[in-house]
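**Q** Chains as they are written, first to last, in the working numbering: chain A, -18 to 371; chain P, 66 to 175.
These are calculated hints, taken from the structure and not from any lab test. Just so it is clear, CB atoms sit at the ideal spot from N, CA and C, and this is done for glycine as well. Keep in mind that a hint or two might mislead.
Away from chain P, derived, C-beta distances all over 10 Å, residues of chain A [stated by the list, open to error]:
1. Ser14
2. Leu112
3. Gly173
Below, a list of computed lysine-lysine pairs in the PhoX-like style, where the Cα atoms sit at most 20 Å apart [stated by the list, open to error]:
4. A:Lys18 to A:Lys176
5. A:Lys333 to A:Lys343
6. A:Lys1 to P:Lys142
7. P:Lys142 to A:Lys2
8. A:Lys333 to A:Lys251
9. A:Lys132 to A:Lys159
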Amino acid sequence: MPEESEPTCLEGNIINRDSKKIPVRITFAPVRSLDGKLLGFLETVEDTRVLQELSKKIGQAYSFGDFIARSPQMERIFQILPVIGQTHSSVLITGETGTGKDLLAEAIHQTSNRNKGPFIKVNCGALPETLLESELFGHQKGAFTGAVENKPGRFRLAHNGTLYLIEIGDLPLALQVKLLTFLDDKIIYPLGSTKGYQVDVRMIAATHRNLELMVREGLFREDLLFRLNVVRIHLPPLRERGEDIRLLLDHFFHTFTSRFGKRIRGFSNKALRILLEYQYPGNVRELRNIVEYAVNICLEEQIQPEHLPAYLTDIESWNRVESGAEHQTAPPSQTDQEDGEANLNWAAIERKMIIEALVKAKGRRSKAAALLGWGRSTLWRKMKQFGIDA
Amino acid sequence: MTRKVLIPLYGNDVAPRFDLATEVLIVSIGADDVVEDERTVVLPHASAEDLCHLILTENIGVVICGGIEEEYYRYLKWKKVTVLDSVMGPFDRVLERFEEGRLREGNILF
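Isolated chain A, as found in the complex (with noise of 0.2 Å):
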């Protein structure tokens, strides 16, 4: 074993002195003194029949068994997902939000031979970008004030094992070229430090950003999309998922009334077409918090309408207005203007009120903020947002 390794952790077994054959796993670590002296080597062998017996209970849980789904399109993700686990290739989640990005990375790591490695994740979006930095690549003691001591960095912890990257989309550039090189040479140069170390770390990252159209924006570094893109597994949404939902419904149905306790039956058939029919912008965690909900709030042998979230029916009545409006004979023009109208978003209506407003307040600016319930100062701030001039 060389000086400067990392510990490292084996699978293996021993002979008995009762010639039985007992798996075990094997560690060796450094042992240095405080000046970084190496004095020698700790070896630990751990006897792991008992975890066997529970990393098979494990394994069944996880045999992708988390994710509940018979549709075609997740059926295909299941078929390779087992291939995946046993490459060491990088792999690039990508899917909407809710989707169930961080089951399928965990799913990864469990079904890799890296499984009893330690699993770390680091949400990019979360930290600032000189914290980030440093929670990734670690840092050397006085790199900078507060530096007090060394720190590992997150990728120094996977080693063995896998680091799943959150949101890879919202990584700084700088951290991009850093990451590169480091998905070059698997070396680690913590900050302020000259010296490097050799991990051994899986990379599987995800992101719900379009990283293609990011890249063609320059936020994203093309030569990274291409070394992480080595694997690329798509989450479709929910609404792409058809027989799915019911299925999910059904899951956390059972799952959320043994857990609190309820005694009801299901849900009732119109409630039921309200939730086959409902687009999902959260995906399964959406799905997952409305039945959550339903069920809590349900009193009743079967989840009515009126249980579900308040925005479920009111989007259900506003279709039903508007599938109505259709079949209307309605002045052609005002349904094109209203369609129009929703298709703006938030930014361009914003602009139209205020130009509405100072229209109405024939070019008075407090007038116009008055009319629209801002302060002076809001309305001159989002003139000069919007490029208007009065």
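Position chain P against the provided structure of chain A, taking the given hints into account.
**A** Using the frame of chain A, we list chain P on its own:
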């Protein structure tokens, strides 16, 4: 009467594992406890089955080894091979002690 002794080797020591040894020492010991012949056999790969096969074809009477799985231990015993297992140490010291008739299972000679 000549006795044949087989010791799985790891370098100059008795191999810690019977099933993982890729080298064995075969020693023929004459009636007056004098070594008549000594040779090393390098195996193409580590295999407890192949090693058992070699032990039988070579008419080995005694196997001195480190850890050995119960299955192979019992098999060799059934084939009337004496097995001294869980022995640790440099093979020459182990052999010396064996010739003196003082080697027991579980002896550590480091």
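**Q** Please go over all the hints and tell whether each is borne out by the structure.
**A** Each hint, compared with the structure:
no. : hint                 : in the structure
1   : Ser14                : 28 Å, holds
2   : Leu112               : 48 Å, holds
3   : Gly173               : 44 Å, holds
4   : A:Lys18 to A:Lys176  : 16 Å, holds
5   : A:Lys333 to A:Lys343 : 15 Å, holds
6   : A:Lys1 to P:Lys142   : 16 Å, holds
7   : P:Lys142 to A:Lys2   : 19 Å, holds
8   : A:Lys333 to A:Lys251 : 39 Å, violated
9   : A:Lys132 to A:Lys159 : 17 Å, holds
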